[in-house]
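**Q** With the sequences and hints as input, model every part of the structure.
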Amino acid sequence: MRGIREYILRDMIKWFRSPVSVVSMLVMPAAWLIFVGLALPVSFTGNYLDFITPGILVMTMLSSSLNGGTLLMFDKILGFLNKFLALPTPRESILFGKILFITIRGAIQATIILVIAVLIGATILSPVQYGMIYLILLLFGFLMSACATTIALYLGDHDSYAAFNTMISMPLFFTSSALMPYSVMPAWLRTIAHLNPLSYAIDAVRAAGTGTIPFLQIGLLVAMGGVVIAICMQMFRRVTV
Amino acid sequence: MNAVETNSLTRYYDSLCAVDHLTISVNNEIFALLGPNGSGKTTTVLMLTTLLRPSEGSAAICGHDVVSEGEEVRKRLSYVPQDMAVDIKLTGRENVLLFAKLYGITKPKDKTDEVLAIMDLSDRADDLIRTYSGGMRRRLELAQALVHEPDVLFLDEPTIGLDVAARKKIWEHVRMLRKNGMTIFVTTHYMDEADQFCDRVGIISHGSIAALDTPSALKAQLEKDVITVKVSGTPGPVDIPGVHVVGTEGREITFTADNGREAMPLVARALETQGVTVTSLSLREPTLDDVFLHAVGTGEEPGHFDYQQFRTMLRRRK
Numbered sequence: 001m002r003g004i005r006e007y008i009l010r011d012m013i014k015w016f017r018s019p020v021s022v023v024s025m026l027v028m029p030a031a032w033l034i035f036v037g038l039a040l041p042v043s044f045t046g047n048y049l050d051f052i053t054p055g056i057l058v059m060t061m062l063s064s065s066l067n068g069g070t071l072l073m074f075d076k077i078l079g080f081l082n083k084f085l086a087l088p089t090p091r092e093s094i095l096f097g098k099i100l101f102i103t104i105r106g107a108i109q110a111t112i113i114l115v116i117a118v119l120i121g122a123t124i125l126s127p128v129q130y131g132m133i134y135l136i137l138l139l140f141g142f143l144m145s146a147c148a149t150t151i152a153l154y155l156g157d158h159d160s161y162a163a164f165n166t167m168i169s170m171p172l173f174f175t176s177s178a179l180m181p182y183s184v185m186p187a188w189l190r191t192i193a194h195l196n197p198l199s200y201a202i203d204a205v206r207a208a209g210t211g212t213i214p215f216l217q218i219g220l221l222v223a224m225g226g227v228v229i230a231i232c233m234q235m236f237r238r239v240t241v
Numbered sequence: 242m243n244a245v246e247t248n249s250l251t252r253y254y255d256s257l258c259a260v261d262h263l264t265i266s267v268n269n270e271i272f273a274l275l276g277p278n279g280s281g282k283t284t285t286v287l288m289l290t291t292l293l294r295p296s297e298g299s300a301a302i303c304g305h306d307v308v309s310e311g312e313e314v315r316k317r318l319s320y321v322p323q324d325m326a327v328d329i330k331l332t333g334r335e336n337v338l339l340f341a342k343l344y345g346i347t348k349p350k351d352k353t354d355e356v357l358a359i360m361d362l363s364d365r366a367d368d369l370i371r372t373y374s375g376g377m378r379r380r381l382e383l384a385q386a387l388v389h390e391p392d393v394l395f396l397d398e399p400t401i402g403l404d405v406a407a408r409k410k411i412w413e414h415v416r417m418l419r420k421n422g423m424t425i426f427v428t429t430h431y432m433d434e435a436d437q438f439c440d441r442v443g444i445i446s447h448g449s450i451a452a453l454d455t456p457s458a459l460k461a462q463l464e465k466d467v468i469t470v471k472v473s474g475t476p477g478p479v480d481i482p483g484v485h486v487v488g489t490e491g492r493e494i495t496f497t498a499d500n501g502r503e504a505m506p507l508v509a510r511a512l513e514t515q516g517v518t519v520t521s522l523s524l525r526e527p528t529l530d531d532v533f534l535h536a537v538g539t540g541e542e543p544g545h546f547d548y549q550q551f552r553t554m555l556r557r558r559k
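Residue numbers (the working numbering), protein chains in the order written: chain A, 1 to 241; chain B, 242 to 559.
Hints were generated in silico from the structure; no laboratory data involved. Ideal Cβ placement from N, Cα and C applies to all residues, glycine included. It cannot be assumed that every hint is accurate.
Facing chain B, a subset of chain A residues (Cβ under 10 Å, in silico) [unchecked claim]:
{"id": "1", "residue": "Y7"}
{"id": "2", "residue": "A30"}
{"id": "3", "residue": "P88"}
{"id": "4", "residue": "N196"}
**A** Spelled out as structure tokens, the structure:
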């Protein structure tokens with residue numbers, strides 16, 4: 001669609017020109033990787049770093065997506081959206097440009113986290129496995145950034161969205177399979193973890209790491225992404241006409 | 242075919258009627274929609290630029306309906322909202338180039354250079370917007386709006402918050418665009434600007450047009466010029482056609498005249514021939530302020546303020 005590339009480029013330049021936000025969004029996942037991944041004494045696996053890295057990669061995508069939710073909302077509040085909507089460029093390009101930018105940004109951050117993980121001792125995988133991992137991360141990023149953008153547009157102001165973001169991110173992470181396998185979870189947590197979309201992505205990345213192709217999880221992510229993007233487009237049309 | 246044509250254009254926000262059966266046509270001119278806050282100016286512009294759906298009535302830009310032919314309409318117009326939305330982390334050139342590419346211009350780089358030059362921004366083109374003044378940012382927005390050579394340019398409060406010099410410069414550019422054949426639709430609440438720079442003015446109040454004409458015709462309808470003379474001595478009656486004494490207060494005499502500027506020397510000469518010394522002469526011509534207040538009334542905001550309604554309205558506008 002015409003214009004998507006331009007919208008992505010605009011956000012990309014703006015992002016690279018604010019080094020503080022580039023670095024600050026990496027601190028949290030890097031801290032988890034180093035301080036938890038290297039230090040937590042666990043008995044269910046010999047290499048906890050290898051176990052937790054998929055969780056942290058997905059967490060990186062998640063926080064990038066949730067932070068990205070504000071982007072389109074701010075474009076709307078600051079008047080950019082109206083200027084873009086008055087262009088003959090297809091209006092949906094604005095939405096897709098934003099969601100793709102957030103996804104790409106998440107993937108760039110996940111790459112840095114992956115490099116750190118390898119540097120501190122994670123097992124190096126084959127190029128095909130990394131390719132699969134990136135596919136899963138991109139699908140998950142697309143799903144979550146569409147979600148975040150929809151909710152931000154619905155809430156309409158930054159304070160409400162920041163509150164929502166704080167409320168949702170930690171519980172989502174802790175109720176997923178990021179930190180421990182299902183087998184050692186208490187039964188109630190296992191049920192929740194099986195329903196958490198984060199788990200699908202994490203399990204898929206883990207499966208890719210062990211050499212199997214996680215068709216089920218990829219299918220689930222694609223299906224959920226399809227539903228969410230449909231809702232998101234509906235919301236976008238509602239706030240723009 | 243007129244550049245802008247509306248027919249009973251109406252917009253409700255819930256039960257509040259923001260624009261009330263507005264019928265205007267604008268072509269090849271600088272047209273100012275003048276009105277107090279909340280009178281429906283921005284709502285009108287949003288409907289004309291396809292950003293808001295009319296509740297009733299219709300509007301067309303260069304013959305294309307704003308509801309059914311949105312994309313054709315957007316190809317023909319440019320819209321500069323009042324928010325001053327330019328990316329401060331991009332350079333002037335990057336900001337304009339973005340729009341040139343979004344419009345799908347064939348040679349975006351050349352066009353960018355060209356419009357930056359027109360807006361006198363060439364020497365600062367590679368600086369970040371962060372370092373631009375308000376007037377420069379506004380000119381940059383005009384440059385963005387010009388890259389695809391629109392037929393109609395919508396400017397919502399183009400000079401709001403700018404200093405006198407910057408405002409003048411913006412208007413000079415707008416006049417130049419008008420000279421090259423562009424139709425310019427402006428909203429403003431600065432009377433003096435509408436008076437000085439616009440070809441026609443529509444005064445809007447509570448969503449409908451209260452008066453519409455050229456600034457000078459609007460002023461002429463309203464009232465005569467007022468001449469005030471201070472004299473020493475006791476003058477007799479003055480007999481000049483079209484000039485009438487309306488009051489004497491001490492040594493100050495007040496006349497009205499159809500054409501104050503021409504009547505002033507006549508009044509002075511008539512008084513001097515009577516042996517009276519004229520110590521001061523002053524003239525007050527009606528301004529667009531007077532026309533405005535006459536048309537709109539000192540009109541306070543509508544008596545009852547519904548906060549919920551206000552919120553919905555703001556939300557829809559953004």
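**Q** Now tell me, hint by hint, if it's right for this structure.
**A** Verification of the hints:
Annotation: Y7(A) was flagged as interfacial toward chain B, and the flag holds, the nearest CB pair being 8 Å apart, inside 10 Å. Interface restraint check: A30(A) against chain B, minimum CB-CB distance 25 Å, threshold 10 Å, status violated. At about 4 Å, the closest approach between the beta carbon of P88(A) and any beta carbon in chain B falls short of 10 Å, and the interface hint on this residue holds. Nearest Cβ of chain B to the Cβ of N196(A): about 33 Å, over the 10 Å cut. The hint is violated.
The structure is inconsistent with the numbered hints 2, 4, although it conforms to all the rest.
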